[in-house]
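Trainee: Given next are the chains, with one letter for each unit.
4 protein chains.
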Amino acid sequence: MVPRYARPAMTAIWEPESRYRIWFEIEAHATQKLADLGVVPESGAKALWDWWATNPEIDVAAIDAKEAVLKHDVIAFLDWVADEVGPEARFMHQGMTSSDVLDTTLAVQLSRAADILLADLDDLLAAIRRRAEEHKYTPTIGRSHGIHAEPVTFGLKLAQAYAEFDRCKTRLVAAREEIATCAISGAVGTFANIDPSVEAYVAEQLGLSIEPVSTQVIPRDRHAMFFATLAVIAGSIERLAVEVRHLQRTEVLEAEEYFSPGQKGSSAMPHKRNPILTENLTGQARMIRSYAIPALENVALWHERDISHSSVERFIGPDATITLDFALARLTGVVDKLLVYPERMQANLDRMGGLVHSQRVLLALTQAGITRDNAYRLVQRNAMKVWESDGRLSLLDLLKQDEEVTAALSNEELEEKFDLAYHFKHVDTIFDRVFG
Amino acid sequence: MVPRYARPAMTAIWEPESRYRIWFEIEAHATQKLADLGVVPESGAKALWDWWATNPEIDVAAIDAKEAVLKHDVIAFLDWVADEVGPEARFMHQGMTSSDVLDTTLAVQLSRAADILLADLDDLLAAIRRRAEEHKYTPTIGRSHGIHAEPVTFGLKLAQAYAEFDRCKTRLVAAREEIATCAISGAVGTFANIDPSVEAYVAEQLGLSIEPVSTQVIPRDRHAMFFATLAVIAGSIERLAVEVRHLQRTEVLEAEEYFSPGQKGSSAMPHKRNPILTENLTGQARMIRSYAIPALENVALWHERDISHSSVERFIGPDATITLDFALARLTGVVDKLLVYPERMQANLDRMGGLVHSQRVLLALTQAGITRDNAYRLVQRNAMKVWESDGRLSLLDLLKQDEEVTAALSNEELEEKFDLAYHFKHVDTIFDRVFG
Amino acid sequence: MVPRYARPAMTAIWEPESRYRIWFEIEAHATQKLADLGVVPESGAKALWDWWATNPEIDVAAIDAKEAVLKHDVIAFLDWVADEVGPEARFMHQGMTSSDVLDTTLAVQLSRAADILLADLDDLLAAIRRRAEEHKYTPTIGRSHGIHAEPVTFGLKLAQAYAEFDRCKTRLVAAREEIATCAISGAVGTFANIDPSVEAYVAEQLGLSIEPVSTQVIPRDRHAMFFATLAVIAGSIERLAVEVRHLQRTEVLEAEEYFSPGQKGSSAMPHKRNPILTENLTGQARMIRSYAIPALENVALWHERDISHSSVERFIGPDATITLDFALARLTGVVDKLLVYPERMQANLDRMGGLVHSQRVLLALTQAGITRDNAYRLVQRNAMKVWESDGRLSLLDLLKQDEEVTAALSNEELEEKFDLAYHFKHVDTIFDRVFG
Amino acid sequence: MVPRYARPAMTAIWEPESRYRIWFEIEAHATQKLADLGVVPESGAKALWDWWATNPEIDVAAIDAKEAVLKHDVIAFLDWVADEVGPEARFMHQGMTSSDVLDTTLAVQLSRAADILLADLDDLLAAIRRRAEEHKYTPTIGRSHGIHAEPVTFGLKLAQAYAEFDRCKTRLVAAREEIATCAISGAVGTFANIDPSVEAYVAEQLGLSIEPVSTQVIPRDRHAMFFATLAVIAGSIERLAVEVRHLQRTEVLEAEEYFSPGQKGSSAMPHKRNPILTENLTGQARMIRSYAIPALENVALWHERDISHSSVERFIGPDATITLDFALARLTGVVDKLLVYPERMQANLDRMGGLVHSQRVLLALTQAGITRDNAYRLVQRNAMKVWESDGRLSLLDLLKQDEEVTAALSNEELEEKFDLAYHFKHVDTIFDRVFG
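Chains as they are written, first to last, in UniProt numbering: chain A, 1 to 436; chain B, 1 to 436; chain C, 1 to 436; chain D, 1 to 436.
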């Protein structure tokens, strides 16, 4: 976790105190159910909840000090609670194993993290939608291979981004569901010393589903899927970030990240206004993607469990969720405040002497009875002249002077092929598909 | 693709001829719809389908030769079809762009691949279930950290695997749905020269859904999610493979890969019987996982598209699906024919002098009024002696001789704590959860 | 391996016949040394070499058929050789284990592959150097963040690429050395049944060094380092490929991939000339990088060895080297034939109204006694006007009209700050460092 | 960075104060050289060094506050220094760009980090060597595929590890050299406003070499190579960690991580002693490996530079080096204090009824004139009986009863094949190769 790429709400999930609070709730809920079942005295559960009702401070340092001796975090925690609550606390953790607490806690943390990320996605989607509608019909050049292709609208670009992040949301909902399971099944998952109804009770209290078969641990394919899903979202963040970076290039300059008063683009070059937010997002996307690799390697634990996953998760649990939260919020800000330059978009659209309309002419020629191959040749030979003139020549003018072309198409027919609006007749259809 | 790790049905999907057949069908369906719309003459579509009805051979070499000159695969293919069909073929591809064909074809190929993989998963699940039921109550030691923990059954191990691959199936169904979209939207996805109804028609004919907003290409977040899902499945394959490798270790030997007559384990050591299939699967899992990385990097194409994804997909499209198909089938064979040694499982279970029952004694002591910490100390001091004797001493015997223990628990009570059946009382519950 | 991204010389290394030929040579050299040591009869070695001198064809199908029964590739091969050579062949493989043959063979294959790659790098370096010298003083704009910064020369861009690939070469030489080791140490590497001098002899014959301590296998950290090195080279390929892609963008168009007569850029848009080679290279770089992951996971084999590395290497051995060979050759072609447009470079350089000279003015102002902060403010307020005019205003003109500026610097002094040659005075120094 | 996996010396390198101290030194050295060259007044440099001689505290919070407004870290820092030093500070940073400071600082940090890691490797090598010599002739079973193969010594296992980490050291020395370069070349690396001699001077002061051609940034192929090298070291850490985990398995138990008094292996099972340190190392290795991926993606910056690498390096710079430092130290502790059980090694070696000697019998039979295939069959048929008896039968006894065997080999000859010392006759040779 890099503090500058972290926001408080997400960071709080991963702080020791939050973790210990969830540990306590799991232990106390379990003890409650054990009391209901008559396995432990009701006084055991009551003592825990009574203490909890005093809203006690969690003394992280004291717990750490115990762990330094015991070399076992959960035992250290239980010891500390026992110190605070008194002898009734001995009924805690009956028939449970540390992993029951640790894995269920991770499930709660990742679920909460997913909830924040889902809200982030909602904010991002709202921002994209607002700007998409604003620029629904703002003409701009569509580019394939970085080369001018045919006209699109800036709203269409954003509609694509909306659809993509909407898919990301669907995926994250599924990934959240995968991860939100509770395991209270004892040493190797047999429920030998704890009734399955305890698991069901704790799961219900925490808003989780039960893990059908755990083996001391919740199986790590669930986590692999979760982090892989975050990686895919990072890929989509990178895509939109790269789009902005391209649009802000000096020669393109169709849009720019907001540049605040007082901001300096370069210590050496006072004229610079750089797309640093989206470059920054590009790097963050690389990190979030990379965290999927160790998560995938975590799946093949040995036998019922080993603990190699744990050190990995101490990194990627916080790092992936905190960074993705930050990145989504940053991207939302970029979209929200993006400076959009429609005049420049139009200027760029026009700069190639009408080449962007070449396909329509090609189609018209074939429909006029010329073979596709010949039609392609006719258009290409004029297009190449325009290309080499760097847009100073006009494709329409050249075509009007090409006798093989004019034998097939009248001037009026040719002119009609250079109409921009022609390209936008289905924008509405696409917007309907995307925004419903 | 490594031929020895490839099966014919999956491989066939990726052969040039299959690809060209799908290309043709997309083009012909599109032409049909264009004819229905009156954009091209009905004779154009008819000519195509009439030729197709003759079940023509696809001359891959001829198409390749054209591509060598034209440096464009789709144009080369269209030229070849035009050579075969005659002038009516000129109405093909009207208003379409190559990517309409290429991306929709990839969607068809990946969908078909997913169908095979789903069938593979069904086979694997069936094999696991059969063996799980066979060994529902076969006692074996559960291990955490590679160290004996408490008893489980071999059926429970397999139930876990079943649940895990069942989740994989659910994920793959979702990934298949993601990938199964059709885009026929023209040069930069605006439908400028082709009506959206063509896309809808082709999609329906091919069993795909429409891509809500394409930008010449189908967005690559879909593919990233697909290959990430395959990577997760590979992780689960590795987990079960590693389990078998562990069980087959000389010192453990609770199960073995089937060893066929005539097979040689080692050129140098005639006594060897090695878990080579599951080691092989471990390596394949590494490969399948690695293919998710370039798929994730493919998401951020430039503007409406660049073609950097294409070379990646030429590798990972076949390599990931063919290898996963092979791996799933190999794993199914391993499970199906696995030699299971219940006597050895029992012997291993017994070899630690009853240490595996330590927790029950601990719990009984605490329930008899001893503090958890003291109870832990009492059990541990006896357990360590057994441990150091390498199982030659018996925990039960030692406990019976420990006066602090016997002050709390009678011999009869102690003996009851060493009952194996105690651990299996919820096996049925777990099986119900998993197999329903 | 994707056939279209493969060249014959590299591919040949990985063909079964090549592998079997190396196998034979290892076995025959080892048998020769064993004969010299008196362990086996001289007739055993002689029989092998006599047969080899007949230049026998390797019957891959026959060996495969044997493997299908024996399920062991080396034993199958030895059987086949025995069939061909006769009973004297029984002295082959004495005291050796399959891995002695397999791992030493892989060392030979990877060394040969590295030799080809080193030659590829030489070709690339030569091409880059030629173009760098050609454009040593061709002015072009340097860009940071995609935004115009200050002038550089196109030669400098290429000098950077030269220095980078020169480092790649140094790394590959080191990686080749790492991989070029021979192990003939028997079952678990103890030389129990084979004298270390056999290893030394075979190593010398094959141009390898000896593996100081093998454990049946050559340790996989060597291979991990090798494939990681290829991954770094792929990163450098991507960097230069991305540079070309950027330069070819419609709005930039300072350079272009060579576009051959007869080539079609788009099936739909006859005006397109796309940087498809460098996009293709970008995708290939993703693949080559990804192969480092499973190579890294291969290091931690179990105990003296397991065989999980083998399936991985069947993929990445050929795939990484064949693809990198192809990519280097393709990149060499791109550089060699790159169409460079100096006029366009100059036009782009001029398009920002002289903003690229802002730093020199800033420095001059501070040297004239103005605080850095004030100087920055003075330059920035003029620069922003030029920026917003999209280069229609001239920074020099505005500065001449800014009284705070002219209070510090005369018109003559200001004009001197806009001299392009000023930026190139150390080009020679840099070229000396790089090409020296 | 996870605090529990961090050690102070390495962590200190990455703290803001350390970074700012290096920044200052770079700026002050550069100013000194500029003063020597007469570009700035000597008083400028003197003012900086005089202030520095007062050993001033770095006010990180004040600098952060400035950055929050200026959104540029280097400018914020320069402003703060100017506040502290006074107007003479305006001569700092003349002709430099932020990246000159940032990239050279990263070079210093990574070099220092590499120095710590090299010292870590020395400690690890010393520990491995000590234990290797201690157990040079401790017999243990060598295992391939997890299956007993032939005898080795525990010292040989450690000799292999020594050789592997010795290679890692060589690689890290090379990687350190790659990364230790200084760039003070101005806005786009042309030295337009700063003489190359400044770079040379600063490089010398900081113990770096000069970057032959920088483009505002030091090229990221260097960093990719550095982090890839750390990833390879992580792979070797995982290998040794996995070896220990295997050796500690209940059924194997040939060695154990040191288990301190007061330590609890499991909250639920008092008998557990788990290899948690090496499992922990396994997870850390996954993380360190994963950091190579974004480092590789960082290479292809746009044009002369973009800043996408920066957010990546804020993560992986500290995370990879801190975690690797911790992991190497932890592994050193594991090796140093490893509990080794030679009796158990001998017991395991004996448990297969002499199967581990099967190869010697095979060789003896072939040398006695039996074809390899027949000899294999003879040994295998007896070996399989021993195998199936789980070591209760003795291979030697069975062979003595096999008439086809005894027709070729006398009892005395057979017995000689079961001599353990035979396997260790070259241990000395191998130790000489490794430890020299």
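Among the hints, a few may not be true.
Note that identical chains are pooled: a pair holds if it fits in a single copy or bridges any two copies.
[What the hints assert, rightly or not] Here are the simulated DSS-like cross-link-like pairs (lysine-lysine), alpha carbons at most 27 Å apart as the crow flies:
no.: 1; residue 1: Lys71; residue 2: Lys425
no.: 2; residue 1: Lys46; residue 2: Lys385
no.: 3; residue 1: Lys169; residue 2: Lys66
no.: 4; residue 1: Lys425; residue 2: Lys385
no.: 5; residue 1: Lys66; residue 2: Lys385
no.: 6; residue 1: Lys169; residue 2: Lys46
no.: 7; residue 1: Lys71; residue 2: Lys136
no.: 8; residue 1: Lys66; residue 2: Lys337
no.: 9; residue 1: Lys46; residue 2: Lys71
no.: 10; residue 1: Lys46; residue 2: Lys425
no.: 11; residue 1: Lys136; residue 2: Lys385
no.: 12; residue 1: Lys136; residue 2: Lys66
no.: 13; residue 1: Lys71; residue 2: Lys337
no.: 14; residue 1: Lys169; residue 2: Lys136
no.: 15; residue 1: Lys71; residue 2: Lys385
no.: 16; residue 1: Lys400; residue 2: Lys71
no.: 17; residue 1: Lys385; residue 2: Lys337
In case anyone wonders, no lab produced these hints; they're calculated from the structure.
Trainee: Could you run down the list of hints and mark each one as holding or not?
Mentor: Now for the hints, and whether the structure bears them out:
1. Lys71 with Lys425: For Lys71 and Lys425, neither the intra-copy (68 Å) nor the inter-copy (33 Å) Cα distance is at most 27 Å.
2. Lys46 with Lys385: neither (87 Å within a copy, 38 Å between copies)
3. Lys169 with Lys66: neither (42 Å within a copy, 37 Å between copies)
4. Lys425 with Lys385: neither (30 Å within a copy, 38 Å between copies)
5. Lys66 with Lys385: between (80 Å within a copy, 26 Å between copies)
6. Lys169 with Lys46: Close neither inside one copy (41 Å) nor across copies (44 Å); limit 27 Å.
7. Lys71 with Lys136: Close neither inside one copy (60 Å) nor across copies (33 Å); limit 27 Å.
8. Lys66 with Lys337: between (50 Å within a copy, 23 Å between copies)
9. Lys46 with Lys71: Classified as neither; 29 Å inside a copy, 53 Å across copies.
10. Lys46 with Lys425: neither (69 Å within a copy, 29 Å between copies)
11. Lys136 with Lys385: Close neither inside one copy (33 Å) nor across copies (30 Å); limit 27 Å.
12. Lys136 with Lys66: So Lys136 and Lys66 fail the 27 Å test inside a copy (61 Å) and across (40 Å) alike.
13. Lys71 with Lys337: between (50 Å within a copy, 17 Å between copies)
14. Lys169 with Lys136: within (23 Å within a copy, 40 Å between copies)
15. Lys71 with Lys385: Between copies only: 21 Å across, 76 Å inside.
16. Lys400 with Lys71: Result: close neither inside a copy nor across copies, 85 Å intra and 30 Å inter.
17. Lys385 with Lys337: Between copies only: 21 Å across chains, 40 Å inside a chain, cut-off 27 Å.
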